[in-house]
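K.L.:
Here are the chains, one letter per residue:
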Amino acid sequence: MKRLIPSIFALVFTLTSTWADPGQLFDKAGIAYTEGDLQLAINSYDELLKDGYHQAPVFFNLGNAHFRNGDNGVAIYNYKQAQRTEPRNSKYAANLDYALKQSNALSSTEALPAMLMRKVSSREWTLTASASWCLLALIGIAASLLPQFRFLFKRIALLAATGLVIALLGLYSWYLLQTKPEAVLLTTEQVLSAPLTKAKVLFELPEGSIPRITNQQAGWMEVDIDGKMGWLPSSSLGIIQPAN
Amino acid sequence: MNKRHHQGKPSIRLIVLMLLSAATWVTAAMVEFDVQPQVLRVGEAGRATFTIRGLNNPPTPPVTAIQGLEIYQPQVGQRSNINRVNGKSIKDSYVTYTYRFVPQQPGKFSFGPYNYKTNQGVIAIPAKEIEVIANNTTRKTADSGEAQAPVFAELMVLSDPVYEQQQFYLQMSIYSRSSVSIDRSIEVSNMPETGFSISRDMETLAPGREVLNNEVYDIRRYRVAVQALTAGQFKIQPKIKLYVVKARKQSRRRSPFDDPFFGGGIFGSAMREPLELSTDVLELNIKPLPEEGRPEGFSGAVGTFRFDAQVTPRKVAVGEPLNLKMSILGQGNIEQAMPPPFPNDKDFKIYEAQRLESGTEPGGIGKKTYEQVIIPMHADITELPAVAFSFFNPSEQRYKTIKRGPFPIVLDAASEPTPAPVIAGTVTADLPKKEIEVDKDIIFLVDAPEQWKKTSTALYKNRTFLATQLIPLFILFTVLAIKIRRESLNGNVAKARRSKALRSAEQGFKQAEKALHDKNADAFYDGLWMALANYFGNRLNLAPGEVAHETVTNACCNSTASKQLLEATEQLFTACDHHRFGGGVTAIDDLRQLLTDARKTAKSFERIKL
Numbered sequence: 013m014k015r016l017i018p019s020i021f022a023l024v025f026t027l028t029s030t031w032a033d034p035g036q037l038f039d040k041a042g043i044a045y046t047e048g049d050l051q052l053a054i055n056s057y058d059e060l061l062k063d064g065y066h067q068a069p070v071f072f073n074l075g076n077a078h079f080r081n082g083d084n085g086v087a088i089y090n091y092k093q094a095q096r097t098e099p100r101n102s103k104y105a106a107n108l109d110y111a112l113k114q115s116n117a118l119s120s121t122e123a124l125p126a127m128l129m130r131k132v133s134s135r136e137w138t139l140t141a142s143a144s145w146c147l148l149a150l151i152g153i154a155a156s157l158l159p160q161f162r163f164l165f166k167r168i169a170l171l172a173a174t175g176l177v178i179a180l181l182g183l184y185s186w187y188l189l190q191t192k193p194e195a196v197l198l199t200t201e202q203v204l205s206a207p208l209t210k211a212k213v214l215f216e217l218p219e220g221s222i223p224r225i226t227n228q229q230a231g232w233m234e235v236d237i238d239g240k241m242g243w244l245p246s247s248s249l250g251i252i253q254p255a256n
Numbered sequence: 028m029n030k031r032h033h034q035g036k037p038s039i040r041l042i043v044l045m046l047l048s049a050a051t052w053v054t055a056a057m058v059e060f061d062v063q064p065q066v067l068r069v070g071e072a073g074r075a076t077f078t079i080r081g082l083n084n085p086p087t088p089p090v091t092a093i094q095g096l097e098i099y100q101p102q103v104g105q106r107s108n109i110n111r112v113n114g115k116s117i118k119d120s121y122v123t124y125t126y127r128f129v130p131q132q133p134g135k136f137s138f139g140p141y142n143y144k145t146n147q148g149v150i151a152i153p154a155k156e157i158e159v160i161a162n163n164t165t166r167k168t169a170d171s172g173e174a175q176a177p178v179f180a181e182l183m184v185l186s187d188p189v190y191e192q193q194q195f196y197l198q199m200s201i202y203s204r205s206s207v208s209i210d211r212s213i214e215v216s217n218m219p220e221t222g223f224s225i226s227r228d229m230e231t232l233a234p235g236r237e238v239l240n241n242e243v244y245d246i247r248r249y250r251v252a253v254q255a256l257t258a259g260q261f262k263i264q265p266k267i268k269l270y271v272v273k274a275r276k277q278s279r280r281r282s283p284f285d286d287p288f289f290g291g292g293i294f295g296s297a298m299r300e301p302l303e304l305s306t307d308v309l310e311l312n313i314k315p316l317p318e319e320g321r322p323e324g325f326s327g328a329v330g331t332f333r334f335d336a337q338v339t340p341r342k343v344a345v346g347e348p349l350n351l352k353m354s355i356l357g358q359g360n361i362e363q364a365m366p367p368p369f370p371n372d373k374d375f376k377i378y379e380a381q382r383l384e385s386g387t388e389p390g391g392i393g394k395k396t397y398e399q400v401i402i403p404m405h406a407d408i409t410e411l412p413a414v415a416f417s418f419f420n421p422s423e424q425r426y427k428t429i430k431r432g433p434f435p436i437v438l439d440a441a442s443e444p445t446p447a448p449v450i451a452g453t454v455t456a457d458l459p460k461k462e463i464e465v466d467k468d469i470i471f472l473v474d475a476p477e478q479w480k481k482t483s484t485a486l487y488k489n490r491t492f493l494a495t496q497l498i499p500l501f502i503l504f505t506v507l508a509i510k511i512r513r514e515s516l517n518g519n520v521a522k523a524r525r526s527k528a529l530r531s532a533e534q535g536f537k538q539a540e541k542a543l544h545d546k547n548a549d550a551f552y553d554g555l556w557m558a559l560a561n562y563f564g565n566r567l568n569l570a571p572g573e574v575a576h577e578t579v580t581n582a583c584c585n586s587t588a589s590k591q592l593l594e595a596t597e598q599l600f601t602a603c604d605h606h607r608f609g610g611g612v613t614a615i616d617d618l619r620q621l622l623t624d625a626r627k628t629a630k631s632f633e634r635i636k637l
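Keeping their order, the protein sequence lines are chains W and R.
For the first sequence, the numbering used here puts the final residue at 256, and the numbers step up evenly by one.
For the second sequence, the numbering used here puts the final residue at 637, and the numbers step up evenly by one.
Take the hints with a grain of salt, since some may be wrong.
Straight-line alpha carbon distances no greater than 25 Å define the calculated DSS-like cross-link-like pairs of lysine-lysine that follow [to be verified]:
(1) W/62 / R/488
(2) R/373 / R/430
(3) W/62 / R/481
(4) R/273 / R/262
(5) W/113 / R/376
(6) R/590 / R/546
(7) R/373 / R/342
(8) R/510 / R/527
(9) W/166 / R/590
(10) R/262 / W/212
(11) R/352 / R/427
(12) R/527 / W/131
(13) W/40 / R/481
(14) R/394 / R/352
(15) R/373 / W/113
(16) W/131 / R/488
(17) R/480 / W/40
(18) R/314 / W/210
(19) R/488 / W/192
(20) R/376 / R/427
(21) R/481 / R/342
(22) R/537 / R/480
What the hints contain is simulated information worked out from the structure, not anything from laboratory work.
Using the sequences provided together with the hints, build the complete structure.
P.N.:
Next up, the structure:
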């Protein structure tokens, strides 16, 4: 008995240390995917997300597993999460486009400036803004200590100020996405005129469509897809929350 | 020979054209005969009109006398219109002979039949009957005994049965006694808001007359196109607002305002009174489209349609595009009519069909044209498979499928695969992307992230991060404050000396301290004096030789310095003077006390505003 207890502890420690390693869990999910065990792959990626590893490769691979499993809506949701987390990764965009076409899904169009701004993540914009801000302060200090170089500092300050303004605009574009967040329709649904199950059917949205959320009521969300508005049950939508 | 031959051709053409035009002219001779109204009262005027086309100077139609009708001499009119048919201008010329007649007695009368003799032959004109009723006929029906309302409306559906998605017409008829005059404008409300798509345009049909309960009624007919959106039972009961035109009652007294100038007389003699009508409830049973026999490619088209498909070119190389042009034409819900799916996607690369044109022609005939690019992928293909368009025909109550093709094609084996043409639309079969790892259709799994990080709050929401953003600002302000202070000290010597007074005294205090340690009284007093001279010299901005007890006391006379402090200062100066001029305290403890007092005094002066 005395020998057994330490053995159990050792086993538990080994197991917990094995499962707690996100790299190993990620590899395990990848193997399951290639071997066709999609459910195990999905469970493993989900576990990583539950553990707080909201990183783009996890979302992307989970999207692939769902796509293979025939859940196009959930796949598009995960591809979109991956794309929003790492906006310039062409692989994420390619799979998202493919899945959208396969589902004949609709997606809210973004204005070009906002689309360009969102090619840079909110974290990157924050760091750019912070760096520009520090640079401006440094230039201020240097200019006060070395007034003879003020002409040079002025130009650098102008550049830093421009960088700061652009970075703040970039952050604002992400802020707008928080005020009217995107959501992915997980199953094909009929959009209703009011948040009531007996309300008039306005139009049908295919699975995987990406509307914007404009309003929320208990159990219902008002969606807007390129000017067409209506209500959908909250359970049918997955809200995109770009990871930081 | 050739020349003669060429000269002969136009002359033959000319003759043929002349013959054709003559034949057309002959066959175009036509007479239309109409009598309106077909029901009228005794004494009410009617018109019998002959419209003659295709004849120059046509003879007068032979209308014989009819007993009971007084027929007047005909009025002759000639008209010429230019109509556009299928984009071509066609001239339409005709001559009309209008006989005005007034019935003298009730009964049924017949105009014709007539044989209209022309220089090209005899045209038979069928008879037209009219009914004349007496002025004093009863208004009660024989069977019900109820009087018919002077104005009423009827609603009827012109299709039976009606299926969901079917387009049909609702016809509304407004009956008004011939004695009641109704304004042209009508307003229709209370039409169903759900379940139907109702056209905004209400079409006005030809008016008519009917005898109801021995009463002559004028009938105005309107129709509106409706599309049933869902199956089910519906009740329709529109409300109609119209205006009855009545003659204004003439007052016995004639006022100056009865003059036509003030709106009386001709223009002011009639008034419009609104009248609201409601039809009987029309119960509509909209049937669902039958499941039985529904073709596979049925896209929801309901109506009567024609379908045609053409493929061009018929001879291409493998990998080159073929155009499949499909057109759908007909009456019905043309918007729901989609082109049929292409049946084979193994041997062909298929692009989504693009809509070229869409619209509705007069008469409610819709047309849609699609073009689809299809690329044959190997040389064994000999034909494009047939395409089939399916729709539901509500009048026949069954699904119909129109098949076009197969279309034979000739393929040349291409030496190299031709790149796909760039066209608008969605490619249904994507080519694999070479630059990235491919998992048949989607990109394969990606590698693990370089560093595993757990989700944290957004950087711009992190308080610590936001707090660090204040550091550069703090440093900047500090530097600026130092700079401003320096600049202000540079311009004010007294302030600058004041600020360094205590520091300058410290040097003397240290020397005195060292002397105390060395037990050297002379050095101690030198140091103490240096401290006092430096401190008060800087503090009061005095020249080195000006520092003395009196100077300090005078400078402090208007200050907040206490009496004790001034006395302590005097003692310090006195002690230094005593030692310089005749010795003084030399005991170590006393000197230490003197030094402590000197320090305290200097610090006390720091807090005093001089």
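K.L.:
Which numbered hints turn out to be false for this structure?
P.N.:
Structure breaks hints 4, 6, 9, 12, 20, 21 and 22.
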